[in-house]
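Respectively, the protein sequence lines represent chains A and Z.
Residue 65 in my numbering sits at position 65 of the first sequence, and the numbers go up by one each step.
Just remember that my numbering sits 176 ahead of the position in the second sequence, which is counted from 1.
Among the hints, a few may not be true.
From the structure, some residues in chain A lie toward chain Z, with a derived Cβ separation under 8 angstroms [stated by the list, open to error]: (1) V20; (2) A40; (3) L47; (4) E52.
Computed list of chain Z residues with no C-beta within reach of chain A, every gap over 12 angstroms [said to hold, decoys possible]: (5) H179; (6) R191; (7) Q225; (8) Y279; (9) G283; (10) L362.
Here are some chain Z residues pointing at chain A (derived, C-beta under 10 angstroms) [what the hints assert, rightly or not]: (11) F217; (12) I229; (13) G230; (14) L252; (15) L255; (16) G315; (17) A318; (18) V351; (19) R358.
Everything labelled a hint here was simulated from the structure, so no lab data went into it.
Model, not experiment: these values are computed from the prediction.
We treat Cβ as the ideally placed atom computed from N, Cα and C, and that holds for glycine.
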Amino acid sequence: MQPDWPAEVHQELKKAGVRVVGYVPDAGHRRLIELCQADAAMRAVPLTTEEEGIGLAAGAWLGGAKSVVLMQSSGVGNIVNVLGMMKTCRLPLVLLVTMRGEQGEFNSWQVPMGENTAKVLETMGVAVRQAGEPQTVAAHVRAALRIAFEAQGAEAVLIAQRVIGIKSFQEQANAS
Amino acid sequence: MLHRRAVVSRLLHERGKLLVVAGLGSTAWDITAAGDSPLSFPLWGAMGQAAMIGLGLALAQPERAVLVITGDGEMLMGLGALATVGVQQPRNLSVVVIDNERYGETGMQATHTAHGIDLAGVARACRFKHASTVTDEAGVDALRALVHKNEGPTFAAVKVAAEKLPLVLPPLDGVVLKDRFRTALLGRA
Chain A
1 MQPDWPAEVH
11 QELKKAGVRV
21 VGYVPDAGHR
31 RLIELCQADA
41 AMRAVPLTTE
51 EEGIGLAAGA
61 WLGGAKSVVL
71 MQSSGVGNIV
81 NVLGMMKTCR
91 LPLVLLVTMR
101 GEQGEFNSWQ
111 VPMGENTAKV
121 LETMGVAVRQ
131 AGEPQTVAAH
141 VRAALRIAFE
151 AQGAEAVLIA
161 QRVIGIKSFQ
171 EQANAS
Chain Z
177 MLHRRAVVSR
187 LLHERGKLLV
197 VAGLGSTAWD
207 ITAAGDSPLS
217 FPLWGAMGQA
227 AMIGLGLALA
237 QPERAVLVIT
247 GDGEMLMGLG
257 ALATVGVQQP
267 RNLSVVVIDN
277 ERYGETGMQA
287 THTAHGIDLA
297 GVARACRFKH
307 ASTVTDEAGV
317 DALRALVHKN
327 EGPTFAAVKV
337 AAEKLPLVLP
347 PLDGVVLKDR
357 FRTALLGRA
């Protein structure tokens, strides 16, 4: 049986005391977003662009609240400049990124950003953890939360496309 | 015509426990000219994110009034944030744009507001509870009172003269700015 990684990640966020969850929707994050929305201890904040999530995280930390930002790999391209603020100010950051443009991708327009997501993050000083299997996602998230909030680090967990398992428009349509 | 330094000094007069975020450039110099405070977070970068930093702060500290003071160019770079704030409806957040219709740090080029783009109209459409364009001192005083009332979200575009003023610089070190803010607010960095 496959581990229920969204439920496990939600539990990790709860245990760490995360109060603010910014997100740009992604099919791969659908269940985790629903769990956070349903959690009275968390404020789920839909964003118009991923860049807003970085500002949100900075402000939340200034106010004493822990946050995470959920996005798809294409969204990493939208946050590059503002990552500079997190590095300069040593503001904690946890990004949970569902990957596109990997094996099973049906849309070639997703490939350039998908192939370079880790490189872009590392170039801007964000540590990257690759969660390649469903059973490893929660452990990576736990480590990212600890380093971000205890050592003012910027951390990203990349959740592989094979973990999410959506391969075609048809499967996406059937999943909804 | 209103002048930006006088407007910002008036808005921050007897600011008490107000938490302040200032967008990069002129508004960061303006709040510093009005009197630097550990409860001010002036931005030296992250253009377009001032309102979102204010939202994060307002959600983390729902009982404290949060005031974002930023420029028209900075606000225009992150207009989506007004929609995001409108969804959250934080009562304690005010966003005030000091609108000189210019990119003041790059040669005073015209911004979109010089061409009639109405930021208060955008904020109103984004469900800000109060949204106005302020053009006189009475309007600034009314805005200052509103900022402390936690009846928002509140938005105002304050039209000011396009003038180049002496720089009054806040601390540059981002870690210092962050640590002093958290220490003053939370008692720990």
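Against the structure, the hints come out as follows:
1. V20: 6 angstroms, holds
2. A40: With Cβ-Cβ at 14 angstroms, over 8 angstroms, it is violated.
3. L47: L47/A check passes; min Cβ-Cβ to chain Z is 6 angstroms, inside 8 angstroms.
4. E52: 5 angstroms, holds
5. H179: Per Cβ check, H179/Z is outside 12 angstroms of chain A; nearest 29 angstroms; holds.
6. R191: 16 angstroms, holds
7. Q225: 3 angstroms, violated
8. Y279: Its Cβ never comes within 12 angstroms of chain A, the nearest being 17 angstroms, so this holds.
9. G283: 21 angstroms, holds
10. L362: 5 angstroms, violated
11. F217: 6 angstroms, holds
12. I229: Since chain A brings a Cβ to about 4 angstroms from I229/Z, closer than 10 angstroms, the hint holds.
13. G230: Holds. Min distance 6 angstroms.
14. L252: At about 14 angstroms, which exceeds the 10 angstroms cut-off, the nearest Cβ of chain A leaves the hint on L252/Z violated.
15. L255: 9 angstroms, holds
16. G315: For G315/Z, the interface hint is violated, since the closest Cβ of chain A sits about 27 angstroms away, which is over 10 angstroms.
17. A318: 26 angstroms, violated
18. V351: 5 angstroms, holds
19. R358: R358/Z check passes; min Cβ-Cβ to chain A is 6 angstroms, inside 10 angstroms.
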